[in-house]
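Colleague: In order, the protein sequences belong to chains A and B. Residue 774 in the numbering used here sits at position 306 of the first sequence; the count goes up by one each step and never skips. Residue 344 in the numbering used here sits at position 343 of the second sequence; the count goes up by one each step and never skips.
FYI, nobody ran anything at the bench for these hints, they're computed from the structure. Only true hints are included.
Derived DSSO-like pairs (lysine-lysine); straight-line CA-CA distance at most 27 angstroms:
#  : chain 1 : residue 1 : chain 2 : residue 2
1  : A       : Lys902    : A       : Lys943
2  : A       : Lys831    : A       : Lys971
3  : A       : Lys971    : B       : Lys132
4  : A       : Lys581    : A       : Lys971
5  : B       : Lys79     : B       : Lys41
6  : A       : Lys902    : A       : Lys938
7  : B       : Lys132    : A       : Lys831
8  : B       : Lys111    : B       : Lys79
9  : A       : Lys831    : B       : Lys421
10 : B       : Lys111    : A       : Lys902
11 : A       : Lys578    : B       : Lys111
12 : A       : Lys578    : A       : Lys831
13 : B       : Lys41     : B       : Lys421
14 : A       : Lys902    : A       : Lys953
15 : B       : Lys111    : A       : Lys971
16 : A       : Lys943    : A       : Lys953
17 : A       : Lys938    : B       : Lys111
18 : B       : Lys132    : A       : Lys578
19 : A       : Lys581    : B       : Lys132
20 : A       : Lys578    : A       : Lys971
One-sided excerpt, in silico: chain A residues whose CB lies under 10 angstroms from chain B:
#  : residue
21 : Leu471
22 : Arg822
23 : Ala825
24 : Ala828
25 : Leu832
26 : Glu836
27 : Ala840
28 : Ala860
29 : Pro979
30 : Trp980
31 : Gly984
Cβ coordinates follow ideal geometry from the N, Cα and C atoms, glycine included.
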Amino acid sequence: MSLISTLARLEAVGTGRAQPAATVRHRHLSGRPLVFVPLTTAGEAGAPLGALVGTDRDAPRLLCVSQPRDRDLRFAFLSELADVVLPYIDGYAEAVEAAERTETDPETGKRIKVEVELCADAPQLIVPSRAGVTYVRLLGRSMRFRRTAEQDPEAPYPAPPRVPLLGRWLTHFGERARVPGSALLTAMTDVLARHWATGQSTLEDQHLGALLAWIDPPADESGAAAALRAELARDAEGQLLCPPAGPATDPAFDNKLLAPALERHDRARTALAAAEDGLEADDRLGDVTAAERAVRALVASRTRPTWDAVWRGIDLLRELPEAARVEERWTRDRWSFTGHRDRVLAGEPPQPRRDDAVTAANKLAAREREQARLDAQEALDDPLVMAGRRLAGEAFAGEVVEVEMAYSEGRRPSPRPLVTVRTCDRPHLGERVKVFRSLGGRPQSAEFVGHEGPPDADGGVLLVLRVLDKMGRGKEPEEGSVPQKGDTVCYTLFEHDQRGGAKLPDPEQTPWTHGGPPGEPVPEPADRPTGEDVL
Amino acid sequence: MTTVFDPGAAAAGATAAILRDTLHGTARGVVVDSPPGAGKSTLVVRAALELAEAGRPLMVVAQTNAQVDDLVLRLAEKEPGLPVGRLHSSDADAYDRALDDLPAVRTSAKAGDLAGLPVVVSTAAKWAHVKADEPWRHAIVDEAYQMRSDALLAVAGLFERALFVGDPGQLDPFAIVGSEQWAGLSYDPSASAVSTLLAHNPDLPQHRLPVSWRLPASAAPLVSDAFYPYTPFRSGTGHGDRRLTFAAASDGSAPDRVIDEAAEAGWGLLELPARRTPRTDPEAVGAVAAVVRRLLDRGGAAVSERSPGPTPLTADRIAVGTAHRDQAAAVRTALAELGAAEVTVDTANRLQGREYDVTVVLHPLSGRPDATAFHLETGRLCVLASRHRHACIVVCRAGVTELLDDYPSTEPVQLGTEVKFPDGWEANHAVLARLAEHRVAWRS
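Just chain B, with the same shape it has in the complex:
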């Protein structure tokens, strides 16, 4: 007898356990690991509303202003009557003007103005400047794996207990100067907030969201195996629940063939001939732009569980991901020349937490002579390979497998630090092996 996996029930069970520990548990902290698209934001909103309902003053710590604004909007959407404070910096344009239209949201640059509100939301950087006589009863720390330990140190005095939510597979926080001096210390200021928290409080309850609602059935197993080998997750939808179709038939060109492959299989690899190139490889950038142009021209339609009918694949449902900012700039220029300037193009760091129907990725190692730690970082590839709901097309030069074999990881081993599994080398190989099954060669 086989039991049928019910993603809805599994996710609901996990959420219930998390809320139970958060609202009624005795531990000072609860940690929740969430794979890409597993409903982290939904969980944060739900936990915030329940804590507010229980009458516990709540502060919410997010990492960027965009995340904070997004959270406030979601809270207001779910519970329009709940008074929410948006604490912001004193810069011009410190917050999204859309918040001004929400009657229950109060914005201020001074924490004192927001005192007494059931929920106050701000960035970690802003919270660090707040002085409070009385600590908040509860806090929610969002994107806690992207928060640096020193940022948590600056705000941890403000709350008594906290729920830490984040995705361990994404990009680790970084410092712009060397921090080897503190490697191995439990409170290494450049480490992630969660690693410090757990090093000092190993008994805190840890939960995991088991279902990715974003990733399609074609992508979840690969992303789970390559980036979360010890904490696997499933997709919330099955094969065939999502479909991507195009009104215009393929013209036989490489971009069209890779688009068809990706529409069918969820993955597509457009492989350019091996060559060492500068970062802004004009051919690869051109190929990315050509694929995006064809995606728009061919009248794509996405069928998913979200709506009964097909939704058109428009420019706002497509994104291009790169490793470096100059690559993103080059792709933007190329897209503008093709009249597709409205498509989002950004680096992995800035695409974190975002979601699209189709993504086109310029492989971080494409055309490189070497594989540095930056380009091998697991989180970078994981972010780029997990932003899509339907299909992901990777543009890459041939020869990356050989490049990886020429550059095994050689980072110095630091005593006392936790070894991160899988390493970037292995994750890259896993992803490439899978992509190779969906390869389309570029013919120019």
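Extracted from the complex, chain A is given alone in its bound form:
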């Protein structure tokens, strides 16, 4: 944890309220996000219990599996989920704008510009917490290899149409969520914790109720007390007042409320199956429906508070103005969305279970680049984030006290002005370390020449820098390209832009050190049903 976030947390403890960790919003927030609050069944990996899903905060769609171990009911749930999620996604697939992309021409091998479509906007999925992101990934994985009756008439348990497609999309969202700064799939706790520092641990920040209690406590209560209540307070029946944001449920709820309701439902179904005539069946069908309704009510009672909390979080985030470089990062999300849309349209197979060596290395490189870019962009967009970097010795701000013209040696001398900056920061500068400042949104580099004299009475030091570039081609620097005496400047020790890495070999050129080419892709079967899958 950085020093500034430790300080902010101490301050939060002292004041009883979360402290801002950012002055602007560093993540894209869609005007019409799809909020998804899933619940899972305890002890059954990947058996959903229910969910609230939708784009209208006042009218969420409640989906429920009244017996999570029943495959048919589970498929019905997934099919219903597809009915909500896929039309939402399709709503963004149509509107496109023309864009250019550089591609390698297969014939000449040259890099050329190609006209392509770019979706004008992209969908955004918001789940309550990081565990929700993992669950989206799990659902995606459990669905994308399923075969529908149409795809494979022999499939023993054919999936309803569109369920495999939903699996592919959820997989894409889950994979994209691993890219730093991306916003196609976002966990509300992560975004809130990015913008506010609470007086609790980062682990506790994963509890959406407690996090919101710190950020926005009731008028008469401290954040710490409200957070404690959110975590622990129970009603007369022993149920949590603020149910966990899921997908896991509280054991007290599972044991005391859910298990009896499921059992009632099972009994009613068994009785219905054993009915001997129509009249009796009608009667017992009524019991089944009542039992189903009871489970639905239970699921609704546990998901609704979380649903409201997510929307409260969205309200809080919308109060922050969007940071300048969020748009640029969202454009990359749109590229990602467009790319997957095209792969689906082209009839490509679902994402493989495991990445091959080249894909894995490419993904890791891309994410490391995005992480470095995100760190730099957040600091450049937000003085509070920059303050943290300054405190860590990775940047410094100050006033220009002297500018001396100097030139490079060589046949055509270029301007290399020496700029003296007075700063009270303590950057970790070594000789000839490069530093960067933003000049009209583009980085201008300078190198550290040395300190001038000892620190003054107020702790200020004089740093001499040599400006290296972005001053035009002439002998004299262009107007406005060199800091002037009296200017306030902010230099960073980190680079503002990320260079692209080297190109890796194509997967079919995988070298012997990495196992050689992976071979032809084979269609991957879905997980085989086990004894436990069948009731």
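With chain A's structure known, arrange chain B on it following the hints.
Modeller: Then chain B, alone, in the frame of chain A:
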């Protein structure tokens, strides 16, 4: 009857076997594990010269520019007439200007300019941008355990066969984003190049350099037991071959007493009272600086097998190692105030591969409230505890043993990954137990 261990013969035997497999073997790769100071660089230079002599075009892959420059200098020193190419990036100051004075060394940012030279040396990052129609017959990959698997993937297409040399006990490569998704895959891009290589080619010959020439007889057993329990090594020198003496007698202060202890035993622990502190613990930083100042003031002289007479212990023969960069910065500031700014102060990552007579180490767990995976990492402690030829002085707050007991390793177990032995918890305990025998309490 006892056989006398002859370190010179053991090392020569290992080197001969490595060169035989490299030059005449049939396997596409040869892996060499080298403990700290076991003559890895010497081996690389020797292998490079023999491959060049055999007429096999050779590319050498190192991890940092400093390592590349160092290798080129060593090659030129050993064989001044051998044409060597130094491939560098197009940045300003991409390579050490000292290379410009070497007549046989050609530097360029373009691989094409260096085509046909018997040896071309560069970093893995630069090699990754090279496109070659014809692969090199042979490659040497230096510091292969510090190279990430994805970096090897980017360059492995450039060579037919390779010699991989590295130290498995040092810091593992790391990624700045999570990579759990690929944990357990043989080609996990964040794993080390050697683990991927061996996972796919388990039959490659693996060798080990058995003798550390750097570590003194007092240090080799501890470092070997704590960090290389299954691949032990010995020191090349015996007890009494190296001596550290001081012209000025001790003034009885804690720094002087710990210096005397370390001069005598090879290890010294300067223990400050237990306390939770920020990373840049001012007292501990002050203690480190005080020890360094006294080392310089007392006129130290080091006797070793390298020279007949004692060599003075000057500022360039002393280094300070820390876990974090801000700690290094704090120590540098403190040393500058004491007029000892020329002493090297750096983090474990940057001290890898370097060697000094005396090192002063700020213990990674000193003053911490918790023991995270970063601070427990075996490689970090191993690097810090194995940079010295004579003595190592550790500055630490009391209570680290209890801290370790409060924080057993709790990293999630990933299926399919190789468990690394020893874990940081155990290695830390082993080192602390030994240091406790050489404890000097700080009295302020």
